[in-house]
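Note that the sequence shown covers residues 1 to 278 in UniProt numbering.
None of these hints come from the bench; they were simulated from the model.
In this text, a Cβ means the ideal position worked out from N, Cα and C, and glycines have one as well.
Cut-off 25 Å, straight-line C-alpha distance, at most; resulting in silico cross-link-like pairs (DSS-like, lysine-lysine):
{"id": "1", "residue 1": "Lys174", "residue 2": "Lys185"}
{"id": "2", "residue 1": "Lys153", "residue 2": "Lys206"}
{"id": "3", "residue 1": "Lys112", "residue 2": "Lys21"}
{"id": "4", "residue 1": "Lys174", "residue 2": "Lys264"}
{"id": "5", "residue 1": "Lys112", "residue 2": "Lys181"}
{"id": "6", "residue 1": "Lys174", "residue 2": "Lys278"}
{"id": "7", "residue 1": "Lys169", "residue 2": "Lys206"}
{"id": "8", "residue 1": "Lys9", "residue 2": "Lys47"}
{"id": "9", "residue 1": "Lys43", "residue 2": "Lys57"}
{"id": "10", "residue 1": "Lys259", "residue 2": "Lys47"}
{"id": "11", "residue 1": "Lys57", "residue 2": "Lys13"}
{"id": "12", "residue 1": "Lys130", "residue 2": "Lys57"}
{"id": "13", "residue 1": "Lys13", "residue 2": "Lys166"}
{"id": "14", "residue 1": "Lys112", "residue 2": "Lys57"}
{"id": "15", "residue 1": "Lys21", "residue 2": "Lys9"}
{"id": "16", "residue 1": "Lys13", "residue 2": "Lys259"}
Derived DEER-like restraints, expressed as beta-carbon distance ranges:
{"id": "17", "residue 1": "Thr128", "residue 2": "Leu170", "range": "28 to 38 Å"}
{"id": "18", "residue 1": "Asn59", "residue 2": "Asn274", "range": "23 to 33 Å"}
{"id": "19", "residue 1": "Lys259", "residue 2": "Lys166", "range": "20 to 30 Å"}
{"id": "20", "residue 1": "Ser70", "residue 2": "Lys278", "range": "27 to 37 Å"}
{"id": "21", "residue 1": "Asn267", "residue 2": "Asp2", "range": "29 to 39 Å"}
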Amino acid sequence: MDNLIRLLKAESKEINHFFEKASIEGQGTPQEVSDRREIALTKFLKKFFPFPYRIAKGNIRDSYGLSSMSIDCVLLNPSHPYTTSDEINFSVILADGVDAAIEVKPKLNSDKEIERSLNQIASVKRLTRKRTSVLNLKVLGKQHSPETLANAKKIPSIIFAIETYKNDKLLLEKIVDFYEKNQFKRDLQFDFIVINGHYLIVNIRKGSYFELNGKFDNGLYIYNYGELTLTAFLMLLNKFPPSEMRNSSTVLEHYIDIKPENTKTFNDLNNRLNLIEK
Numbered sequence: 001m002d003n004l005i006r007l008l009k010a011e012s013k014e015i016n017h018f019f020e021k022a023s024i025e026g027q028g029t030p031q032e033v034s035d036r037r038e039i040a041l042t043k044f045l046k047k048f049f050p051f052p053y054r055i056a057k058g059n060i061r062d063s064y065g066l067s068s069m070s071i072d073c074v075l076l077n078p079s080h081p082y083t084t085s086d087e088i089n090f091s092v093i094l095a096d097g098v099d100a101a102i103e104v105k106p107k108l109n110s111d112k113e114i115e116r117s118l119n120q121i122a123s124v125k126r127l128t129r130k131r132t133s134v135l136n137l138k139v140l141g142k143q144h145s146p147e148t149l150a151n152a153k154k155i156p157s158i159i160f161a162i163e164t165y166k167n168d169k170l171l172l173e174k175i176v177d178f179y180e181k182n183q184f185k186r187d188l189q190f191d192f193i194v195i196n197g198h199y200l201i202v203n204i205r206k207g208s209y210f211e212l213n214g215k216f217d218n219g220l221y222i223y224n225y226g227e228l229t230l231t232a233f234l235m236l237l238n239k240f241p242p243s244e245m246r247n248s249s250t251v252l253e254h255y256i257d258i259k260p261e262n263t264k265t266f267n268d269l270n271n272r273l274n275l276i277e278k
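Make the full structure from the sequences, and use the hints.
As structure tokens, then:
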């Protein structure tokens, strides 16, 4: 356990270093810089979601005819067909074989990048999977709420960054401003944001993956994990219900169980988010 945590701390520093290095080496075009940064996160994900999992980049399509914007890192379930065009990019990515969508935005410190990332996540959340690994266990007296069952057919969606405003409330304010302006209800919102080396922003709402038994009200919560933030990211990825039911739990579920150093929220911002639902 201790060795795994130490390894993940080192991985976190390596990703941040790789992102910084990409800015220097990929000075040709913004796309070159972006591609190099995506490679860093892709390499990390491949280590902890080894074959037959695969990592892809591109548009996700559902069986209802909808398509998302291009997403940087798409975690494919082992059951996803081999619809590949080359070593990295997949020509066709099918929503029913996607376990998670991760958009890489190294710096969330401009309106343009924040709005673009939130729009990309919303495009994924508009998709619907026909199958889910979450069972409606009515016969066992453990029937899930309609919200939980509906959410389970949506793809878990994450934004990964390493830098943002020093004032953490400012980022949340800009997120809420965007959702208010566009009237994006919670079914179109992100599940969590990673600020690597610092904290997670977790979006808690009824029926979501992070509905914590009524302990918290609906809203955005900052979970301060510090240097364990990447570890928390990996922990939550392993707790998401996959697109296809597993025969057993994942290996890492038994080795990573960490708590945040502290949790913070802002009631005024949460109240504004709740008004969008009405």
